[in-house]
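Chains as they are written, first to last, in the working numbering: chain A, 1036 to 1340; chain B, 23 to 391; chain C, 44 to 315.
Where hints are given, some of them may not hold.
Result set (SDA-like, lysine to any residue): computed pairs, CA atoms no more than 25 Å apart in a straight line [unchecked claim]:
id : chain 1 : residue 1 : chain 2 : residue 2
1  : A       : K1075     : C       : P174
2  : B       : K130      : C       : L233
3  : B       : K130      : C       : T180
4  : A       : K1075     : A       : R1247
5  : B       : K130      : C       : V196
6  : A       : K1075     : C       : I165
7  : C       : K272      : A       : K1075
8  : A       : K1075     : C       : P148
Quick caveat, the hints were computed from the structure, so don't treat them as lab data.
These figures come from a predicted structure and were not determined experimentally.
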Amino acid sequence: MSNEATGNGGQALRWLRRTVALPYLWLLLFFLAPFLIILKISFADPIVAQPPFTPLLEWGAQGLAGLKATFENYAYLFQDGYYGIIYLASLKMAAIGTILCLLLGYPMAYFIARQSPRRRQILLMAVILPFWISFLLRVYAWIGLLNNRGVINEFLLWLGVIDHPLTMLYNDFAVYLGIVYSYLPFMILPLYANLERHDHDLLDAAADLGARRWQRFVDVTLPLSVPGIIGGCLLVFIPTVGEFTIPALLGGADTLMIGRVLWDEFFINRDWPVASAVSVVLLLLLVVPILWFQYLQRREQDAGS
Amino acid sequence: MNDSPPSPLVQIREVTKKFGGVTAVDRVSLDILRGELFAILGSSGCGKTTLLRLLAGFEEPTSGRILIDGADMTDVPPYERPVNLMFQSYALFPHMTVAQNVAYGLKKEHVPADRIRERVAEMLALVKLEALAGRKPEKLSGGEKQRVALARALVKRPKLLLLDEPMAALDKKLRQHTQFELANLQYQLGTTFVVVTHDQSEAMTLASRIAVMAEGRIAQVGTPGQVYEFPANRYVASFVGNINLFDGRVTAAGNGQLSVKCETLGSDELSVISGGEIAPGSTVCIAVRPEKITISRQAPEARDRNVIKGTVWDLAYFGDQSLYRVRLKSGAELQVSAQNLRRSEKMTVEWDDEVFLSWEVASTVLLQS
Amino acid sequence: MKNRSLMLMTIVAFGYALLYVPIISVIVYSFNDSRLVTLWGGFSLRWYVSLLSDEDLLGAALLSLRIAIVSATFATALGAIVALALHRVNRLRGRLLLYGMVTAPLVMPEIITGLSLLFLFISMADLIGWPASRGATTITIAHITFSMAYVVVIVRSRLAAMDESLEDAAMDLGGRPVAVFFDITVPMLLPALVSGWLLAFTLSLDDLVISSFVSGPGATTLPMLIFAKVRLGVTPDINAITTIIILLVAVAVATAAFVSGRRESAGLRGVR
């Protein structure tokens, strides 16, 4: 029936209606407003001052006449091929990282989904558990492993597989590894949620109609798991594009990812308007995957209720 | 029966409920008598659940009034009504034990603790669940859950107990058994029960009176027998049980009888007893229940009977009875059911037999269209 | 067929190894006496001892903890209200905007969240003189804002799974709206509120990027301190911190498992 019981539950609802104004205002102030400000600053001129940008709107005093908008920062982004390359490089790294995550996460999710309920729970728990340990520290742990004199190299040297250390740290390899490692649970969970729901009778039906094992996977399981694949990939891809910590700790000097460049632009070059413009463009790049993700979320929610 | 009509416990007066532009309940007026086991029967979306929620107080009528025991309840919230509801999902609180679930209503009335304990034990004994008092609902079977829900809804001795599809979550076998138990319990307690159901056989078995609802309105109120044998309109006739319907035109009237000519019956005319004055030329609908029809290969005597001819198109043998689909010349089909009274391997009527169908004029239902 | 499941098993084993080998290696090396991280110099607790005397570090840890507790609590309260409003109030004004604002932080790159909040705080200081300086308060505000989104997701999914007739039933049995809220709604939502709080707590304790932007002089959270140290390579005392955190998490998880396990067995006892 209707969620909104008229009249009697109304008392509680009226309270809720009034109270929700608080988080509403909170979000308007601390989420929407900052967002508009960043948009505004991206159109401002950089100056050497504190804060290092010209006020776009001289608050109140001059009104709209005081609008000093400039597209210079954006023009700068596009004229200087540097940023274009970094955006592309970030998208490429995120895409490859996502695919690697999928290649590892799918078999794992598939395996977990086919275990007995009790083992499923334990195996899932084991996937989620590392998540509760600081992300920063988990990324840091790889430094000790990947070092030229790190655990892996020492071990391989000791085995005699290699005679001089492999360079595994401070390059793209390390960043991919970091991405796969950090975001694996985000890939596995939606995939598992999807795979676990599959009706086993479907596979039996396919077998009954003559499909072999591999065909059954390709014809039945894989197509049915597409929503899980899309969900998992978006969940990994979106945060990876703007990732800062992994390239900052594991990447080399030539690992250019936009999150890191933004950080440097802000903290080192102190060019806030350009940093803002970089942010705005990054968001524009993510708009399609984000909207896609929100659409999926909402569909899920509708299916759930 | 009519000398002193018991005063109605529930009086629903011209109640309308709209959700946005949709009218769920449309000008319903209904009296429910004290001590009755009353059923509201209808298909899903007919407004029966909304009517129930209006009685319980979860919805406020858009217009109209609801009186319970003479007091106007229209604006009274559910927690102040002398009415309790047994939910279709049972809605047992999962974080409370069986005993705590049953006790909840009394706690909200601030009944003293020892009195609560007594009353809960009494209720659990009534539904034979004493042994399960300490269990959480998730550990109960469907039938047990239903009994807890019943005990919880009855513990406050409501003047009116509402039951929303009480049997829907039970399997078929349990359902029949529970129907009798519920009817017995109602008889024992004397509480007024209102059962909402989409299952006509459930309504027929349980209720002393039935209201058939369609599209937000009451199509008919009556005893199970009245609703079945004297349906007020086409909807009730076809919703409750199986029936054969023929549209026709009155050709002659007299002696309290009508002659009706129906397109699908060719030249044969049907006789039907008319209640009131219906002029020749009016269009009417004629109906007859399958079990009222006699099927035979020999022509039956035609006095006071309607007789038509057809061919057996299909038949289903159920052991105790057989069901025939008989096709007429016009292509129309009739359903006929017959008790298999004689023990015989061979059936008297077979596929493709030319047969006569006949039924008493008095068994013919006249529905005005 | 055998080959295929062998391959599957190998991939799965590799995946779990990937998840756990780094953690195990950090624990092992936290007991390493040698300053050179990768050379085993014998068992020692010296890095743990040195942590105790590192006042910067203890201060940062305390600050992080304080921020995490406060922000998780606020985020849970505000998030629960938003979730309830989104789920229950039919004609909520600006519903779409609220929904958008509360889910956007889930997908917003944190570097942008951090940058934009910093600009807000600067503009506000210009405009109304508050916040006069940035530090624990601004970090807490930032953390509440982004972790609220996670609480909303968790509470909403719980609400969606909840049988609404439970509340109707309580009201039918004489519970007034406020009583029904505390008798039924809160206990039903409790698991979601607890996991929402824990998630918000962890996210806050973990956050490096946003804190770095909105922090000011004098307010250094634990991740900020660790990041500064780690950028220069492996330092053994970080291994020790990591091990302590892992231990705390393990204890928390074990407690949670124990509590829910006991509840389960209590339920089973009820059956007999």
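For which of the previously enumerated hints does the structure constitute a violation, in increasing order of number?
Those not satisfied are hints 3, 4, 5, 7.
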